[in-house]
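*Asks:* Sequence:
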Amino acid sequence: MNADSSQNQSKMATRVRNFLIAIAAITLSVAIFLGLQTQAPATSLTQMAEESVPLEVALSNGKPTLVEFYANWCTSCQAMAADLGELKQAYAEPLNFVMLNVDNTKWLPEMTRYRVDGIPHFVFLDNQGETVAQTIGEQPKSVMAANLDALIAGLPLPHAQTTGVASSVSPTRSPLQASQVEPRSHGTPIE
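Numbering of the sequence shown is given in our numbering, commencing with residue -14 and proceeding in unit increments.
By construction, these hints were calculated from the structure, which means they are not laboratory data.
Each hint should be verified, as a subset may be incorrect.
Claimed, not checked - DSSO-like cross-link-like pairs, simulated, lysine-lysine; straight-line CA separation at most 27 Å:
hint	residue 1	residue 2
1	K126	K73
2	K91	K73
3	K48	K126
4	K(-4)	K48
5	K48	K73
Please read all numbers here as calculations on a predicted model, not as lab measurements.
Work out the full structure: start from the sequences and follow the hints.
*Replies:* In structure tokens:
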């Protein structure tokens, strides 16, 4: 009977172990599922754009300005959204933050003027609306903060003309051509 008892205990231990593994797997799966559901960016580009200063106001209110050319589909723009949201809160008083969506043909003249061919594309304007510097692509928060500090102080930007990871953009379409484009095609004309 000792052999049968030992064998029964071994089967019971195996069942308990398998049950615990199943419970752990279910718990882990639920945790991963819930984690993925809540990983939406804390700062949405659309929301930031809606809250940004209109370009016309920024060019006339006597404050230095940071203009960001962006698109909602741009992964580099999305990657910087949280840092830019924090910088916007920290620098809201002395600085204008303007966001221009490259998918909106309204901004085609500005895209041409500032030679936007990659996004995010940042244009630093002094308090008179004149271009001080431009940067393209993802920038570390510390680099952006140093540039903003210098812009506000009227000093040369320490990290001017830098380039990081960017999404390419082709601003060569005329407004008439752009109206013949499907909204989700990101600039590919309908044929």
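*Asks:* Give a verdict on every hint.
*Replies:* How the hints compare with the structure:
1. K126 / K73: 11 Å, holds
2. K91 / K73: 24 Å, holds
3. K48 / K126: 21 Å, holds
4. K(-4) / K48: Measuring from Cα to Cα gives roughly 76 Å; hence the hint is violated.
5. K48 / K73: 14 Å, holds
In summary, the one numbered hint that this structure violates is 4.
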